[in-house]
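Using the hints, put the two standalone chains together into the complex.
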Amino acid sequence: MSERKPVLIVVDDEPGMLGLIERAVQPTGYDVELHENAGEALSRLSVISADVALVDLRMPDIDGFDVLRAVREAQPQCQVILMTAHASVDSAIEAVKLGALDYLSKPIDFARLRQLLADVREEGDRRAALMAADGETARRLELCGMIGRSPVMQELFGLVRRIAPHARAALVTGETGTGKEGIAKAIHDLGPRRSRRFLTINCSAIVETLFESELFGHMRGAFTGATDNKTGLFEAADGGTLFLDEVGELPAAVQSKLLRVLETGEVQRVGSLQSKTVDVRIIAATNRDLYAEADAGRFRSDLYYRLNVIELRLPPLRERSEDIPYLTAAFIREFASKFGKPIEGLRPEAERALMTRAWLGNVRELRNVLERSCMLAEGLVLTERDIQAALPLEGGVHRPQRWPSDTGGEDRTLTQDLHLVERNHIVRMLAEAHGNKRAAAERLGLSRRTLYRRLERYHLLEDSEPRQ
Amino acid sequence: MGDPVSDKNEFEHELKNFLAIILGYADLLIEEMPADDPRMEDLSEIHKAASAAVTLLNNHRGPTT
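Protein chains in written order, with the working numbering: chain S, 1 to 468; chain D, 1001 to 1065.
Where hints are given, some of them may not hold.
Said to hold, decoys possible - The calculated lysine to aspartate or glutamate pairs, modelled on EDC-like cross-linking and capped at a C-alpha distance of 20 angstroms, are:
{"no.": "1", "chain 1": "S", "residue 1": "185", "chain 2": "S", "residue 2": "246"}
{"no.": "2", "chain 1": "D", "residue 1": "1008", "chain 2": "S", "residue 2": "63"}
{"no.": "3", "chain 1": "D", "residue 1": "1008", "chain 2": "S", "residue 2": "14"}
{"no.": "4", "chain 1": "S", "residue 1": "257", "chain 2": "S", "residue 2": "279"}
{"no.": "5", "chain 1": "S", "residue 1": "437", "chain 2": "S", "residue 2": "422"}
{"no.": "6", "chain 1": "S", "residue 1": "230", "chain 2": "S", "residue 2": "266"}
{"no.": "7", "chain 1": "S", "residue 1": "276", "chain 2": "S", "residue 2": "266"}
{"no.": "8", "chain 1": "D", "residue 1": "1048", "chain 2": "S", "residue 2": "109"}
{"no.": "9", "chain 1": "S", "residue 1": "97", "chain 2": "S", "residue 2": "66"}
What the hints assert, rightly or not - Partner residues are not named here, just some residues of chain S that face chain D (Cβ under 7 angstroms, in silico):
{"no.": "10", "residue": "85"}
{"no.": "11", "residue": "106"}
{"no.": "12", "residue": "107"}
If you're looking for bench data, these hints aren't it; they were derived computationally from the structure. Heads up, the beta-carbon is just placed ideally off N, CA and C, and yes, glycines get one too.
For reference, chain D alone in the conformation it holds in the complex (with noise of 0.2 angstroms):
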């Protein structure tokens, strides 16, 4: 709590973990669904727009010790 270092590894993993869902579920509809299905592309927005803020994340933190 009163250490701020370990609230926002707190912050980063809570943030993360639901991104995780997010990224997981599209990734299964991305599966389940035919290719020419048009809402491929939208799907496709949501898978891009969670990786890239799990990308975000994790450069933010800095590479992973």
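Just chain S, with the same shape it has in the complex (with noise of 0.2 angstroms):
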């Protein structure tokens, strides 16, 4: 669907007609542009681009078939749609051969005008998904910077457009690396508070004991090291947004007093006995499921309500694999100006290893893969040498521990790099052979002793061997 509004151009010289004919297809959605003079609608297409004219055969000052031809010269993809209150067959005729959509006789038939704009309408959107093949078409599939070019992440962006505007609280789950804080800046940028602040706070990273003051804020005194006033984060983003990442997360102790800031609409700052009005959106997130962990009691159940008002579920990216090759596009654009290289794009191979890889750390990981790929890239495409040496461990049927040397791609070794590409090998060889460690010996060229050895220095034994 595209985000832009279709434009439809109406050109009638009576202007009782254009009044009527915009209301008329008010229901279809179209931006309507009203002319009652022909070169003033011409000269308008000169600057902005519409998806349909509408115009009338018969005018004072110009044949209706002059516009269409000036229209169809002006600008080919606009659909032009005749009227007239003087049908004839031959008008009719000239009107197709001149490349008309359609030939209208007034009084108008609205139920045949509006189906002709909805028609025009969905062509639109479907060749503009056609057209999303590369990088440039998938940016406007964007929201706020998010690609999301799936059904399931459609689905969700209009979700996005439609609470934006309105929601007071959202919760936005998901696992780890989906993107839940740029959905919810994308509800705050997209809502009537985009000009105030977004303050986040994650609360897995604050100790249990300063969490009332990060968020209510403190009076000079107030407790040991309280040398002065502090705002908290709720006054702090008085009229904006106060993002809540990891909430599920948050002591029970502060649950509840964050449940009755929400229920009362005021904060009390630490060691003050006034308390403030404030007005904040709250958007939380979390990547666990918050509704089992009220369930079980460890997370208020009605702050979990409180929060859950409206819950946006970012899906895993192995659920959206076909928005690989999109994102890819766009974080190989990224990092290739970032690294000043003139990378163009990636081998087939190696899109293809990116598409069957399971992703658990998701779209963040997908962008530290591609931002290393790029770093160490050397040539205008990046291979599937270049995203295997960048793949950080094999994700599916082998999850092996941490491989020490494999954090900070930075400052590896060489030795360290073919290490890397060694194991990394021998992971793919494992997992062609389905795991079948002989076979891989095999094909990798050495013993099943040597193998075994090799497993155990990457680590790759502990976790796959007991269970076979």
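What follows is the structure, given as structure tokens:
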């Protein structure tokens, strides 16, 4: 679905007709521009791009056919519908020959007109989707920088756009790395508070004793170390949005205080007797199943219901793998320009490697892998080797422990790099042999014993061994 | 101007344009109005009369070529 509203230009010398058509097509969702003067309409077409032009055939200063020709010339993608109070077979044929979409006689059959407009709109959407073969078009399917061409993401983006103007609270759920903060930011940016502050607090990163002071502020002398008055996040975000990341990690005591603020709209600084009214939109995010947490008594269920006015569920990347090529194109573009390298894309087998991975770290992991690939790559096109060298660990069948030298890609030594290549190669061969070590050893040209030694060295053994 | 045939055509054309506006608005109102609205009957009369006028005009000119 295109984000832009389609545009309809109506040209008729009779103002009463213009007003009528404007009202009649209102339900179709087009932006309508009315022109009594055809010349004026044509000069507008050099400024704006229209999807449909509805043109009266008989006007005092200009012939509708001339307008039709001029529009087809200026904007070939713009469909033209002619209308006339004096329908004739001749003019109908002429209209079709000149490329008009349809020819309507007055009085106008509104049902037919609306159907035509809906068809054009649908066709436009379909074409946009077809053209989405490169990163350029992927950009049009974005939501505040997030790419999601898959139906599940388009649905989510639609939901975000619909709720952004209204929602007072929302809960964003999804696995780690799926982009929960991006969604929260989009809700903020698309809502009426976009010019106000968007503040983030990561609930898992704060010491329990400091929570209250962070969220609600404190007065000087409220506790040891409180040498000054401090504004809490709620006050700082007044009129804006507060994003509570990892809300499932909130200590129980803070949960009840947060609930009270949400219920009353009032905050009290630690050590203060006075409360202040604040107007803050709360967006919470969690990678836990908060409902189950509430059910098990680990999360206050009344707070859960207060936060979960609407739930936005981000799917894991493996459930929308059709987005991977578009995400990949966007990330390569980003990092190619960041590192000043002329990288243009990736080889098909490299893309295949990206498509088939489980991506337990989701979009964030994909982004990291491509960042490292672009950093290490030497050619114009990323090869499978570039990708494999940047892959941290093979997900799925083999999920070994972290490999010590796999962190911090930049300062690895050559030996470490070679080890990484060797390890990934072994993992791949094992995966191809469906975990059969004898077969994998044969393919690798190693004895079984040597393979076992390698597996041990790369910590690939303990996870897969006991289960087989 | 001087040509009586084209003058008559022009007149019919203009007339039909206005009838189309009357009919169009009547259509929209009928569409938007609840079916049991007491004004529906009046509206139908407007619609009927305007339609009849359009038919009259069309027949008067003979079948369109």
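Which numbered hints turn out to be false for this structure?
No hint contradicted; all consistent.
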